[in-house]
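Asks: We have chain V already, so just place chain Y on it with the hints.
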Amino acid sequence: MGKTEYKKLKGSQNLRQRLLLSTLSSTPVLIDDIRHEDTWPGLRPHEISLLRLLEKITDDCLVEINETGTKLKYKPGVIVGGRNLVHDCGLSRSIGYFLEPLLVLGVFGKKPLSIRLKGITNDSKDPSVDTFKRTTLPLLKRFGVPSEGLDLKIESRGSPPQGGGEVHLGIPIVLNSLSAVTWIDEGMVKRIRGTAFSTKVSYQFEKTMIHAARGIFNRLLPDVHIFQDHRSGQEAGKSPGYGISLVAETTTGCFISTDTAVCYARGEDTDDYDDDERKELMPPADVGEQAASMLLGEIEQGGVVDSMHQGILFILCALCPQDVSKVRVGKLSPYAIETLRHIRDFLDVKFVITPDSSTETVILKCVGCGLKNLSRKIS
Amino acid sequence: MMSRQKTNLMQIVYGKPGSKASTLIKEAQGSSEDEESDDDDFFKPKGEINKKVSEGTDSQNFDGEDCSKFTNHVTLKNWNDEELIASVRDRFVTGDWAKAARRGQ
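In the order they appear, the protein sequences are chains V and Y.
At position 341 of the first sequence (counting the first as 1) the number is 341 in my numbering, and the numbers step up by one without a gap.
At position 24 of the second sequence (counting the first as 1) the number is 24 in my numbering, and the numbers step up by one without a gap.
Isolated chain V, as found in the complex (with noise of 0.2 Å):
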């Protein structure tokens, strides 16, 4: 065999997607300058913590960072999933961080994937292990993952600073290929759905939270259902916190997301980006106002999934086979923009882009790459 190819890449941003097609696509990178000019220069804990919980899913795989940790060589290994893995996912970003890409991966496993994942179950910056459970699964079907097998299931809550929460995540492989999807019907809500949490306060928070999103939502849609799932001692983590996730469902079986989580913030991390964490814990009737305002500004977009499930959604559409996918989006956002570039560097599929000027959403269209389940094959 000869030398191998490594494909050349620069910064720490959007490292899961990175990492997420280079090992779909059996791509070696090679990414340096990461964070080369920072005070704390190199990869950060979640990011360390992600290319441990690769290893632990794949066979073959190699990591190697620097010293510094701002170069690092990643030679993707064969998918092969495993049963009652475990991964303690670390404090630096919560459990959604690390579904995201886990639950592609996993779909192209040898063996289906039941791996427990520890940490934090809700926060700010992540979507929440409600949102997965409720929005992101469904989207997984919609492509042809079997529903038996797909499962999350949220043992204990944990809020940021401390953690302590716990997941069980179950993905079965898709047998060859996914299959590709012409959906552009964003359909009419008929529902919404919610599940409001607190870990370690007193459960009159959900309460109050749920009566603040109820109140925004009662004049558009009677049927609005919000759970309280209020959990204490070892179920409710180590820290205390509160937030609500909101699923709205469409006539069309789309799901339409939001979520919010409030807590203390983390001590260490001082970044300006968290400047908003650091202040006064919002009140619970402002939080659930929130989590409904954005629900609704996530409706108004008119897609047929809400803007963080855009990137995932993009990355389906091009695992599928030769066919032609076609899906209606509101207004793209950076992070699926990116994604679009990234699909295009590592699949070789670019997008047709077209906005619909009269509803202010944007049509893709695009043929799959074809990838196949080759980790079973090998089998």
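You may find that some hints are simply not true.
Stated by the list, open to error - Chain Y is nowhere near these chain V residues, computed Cβ spacing over 10 Å in every case:
#: 1; residue: Lys3
#: 2; residue: Pro28
#: 3; residue: Leu62
#: 4; residue: Val80
#: 5; residue: His87
#: 6; residue: Arg142
#: 7; residue: Ser156
#: 8; residue: Pro161
#: 9; residue: Ser177
#: 10; residue: Arg193
#: 11; residue: Gly233
#: 12; residue: Gly253
#: 13; residue: Ala265
As the list claims (entries may be wrong) - No farther apart than 27 Å at their CA atoms in a straight line, the calculated lysine-lysine pairs in the DSSO-like style are these:
#: 14; chain 1: Y; residue 1: Lys16; chain 2: V; residue 2: Lys350
#: 15; chain 1: Y; residue 1: Lys16; chain 2: V; residue 2: Lys331
#: 16; chain 1: Y; residue 1: Lys99; chain 2: V; residue 2: Lys331
#: 17; chain 1: V; residue 1: Lys190; chain 2: Y; residue 2: Lys77
If you're looking for bench data, these hints aren't it; they were derived computationally from the structure.
All residues carry an ideal CB built from backbone N, CA and C; glycine is no exception.
Replies: Only chain Y this time, still in chain V's reference frame:
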């Protein structure tokens, strides 16, 4: 108009044909003026606007945060407003189905 918008959006995402740049934040802002005023903040990620100013023409953010959630609390609308509520009413089953069906045609 449609075809120009189409190429614009393709260019914003993939760059001009031939150039492999993904450094198009600046262009995104320029081209969005052609579209409706509502789209003004189409491609301005939170935080990246400031970065662009500080980095001058080099708008690529090599160490941008890896985060799929796009929240912009600053522009969060006040949904207690009756007019706003009326604007999304037809997106719900309780709204006008005929009007909703015509949407996009």
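Asks: Run every hint past the structure and note whether it holds.
Replies: So, going through the hints one by one against the coordinates:
1. Lys3: holds, 24 Å
2. Pro28: Non-interface label stands for Pro28(V): nearest chain Y Cβ at 20 Å, farther than 10 Å.
3. Leu62: It holds; Leu62(V) is separated from chain Y by about 22 Å at its closest Cβ, greater than 10 Å.
4. Val80: holds, 25 Å
5. His87: holds, 18 Å
6. Arg142: Its Cβ never comes within 10 Å of chain Y, the nearest being 18 Å, so this holds.
7. Ser156: holds, 23 Å
8. Pro161: holds, 18 Å
9. Ser177: holds, 24 Å
10. Arg193: The claim holds: Arg193(V) sits with its nearest Cβ about 14 Å from chain Y, beyond 10 Å.
11. Gly233: About 29 Å separates Gly233(V) from the closest Cβ of chain Y, which puts it past 10 Å; holds.
12. Gly253: Check passes; 13 Å lies beyond 10 Å.
13. Ala265: holds, 16 Å
14. Lys16(Y) x Lys350(V): Holds: Lys16(Y) and Lys350(V) sit about 14 Å apart, inside 27 Å.
15. Lys16(Y) x Lys331(V): holds, 21 Å
16. Lys99(Y) x Lys331(V): Holds - the C-alpha atoms of Lys331(V) and Lys99(Y) are around 22 Å apart, at most 27 Å.
17. Lys190(V) x Lys77(Y): With a Cα-Cα distance of about 22 Å, the restraint between Lys190(V) and Lys77(Y) holds, given a limit of 27 Å.
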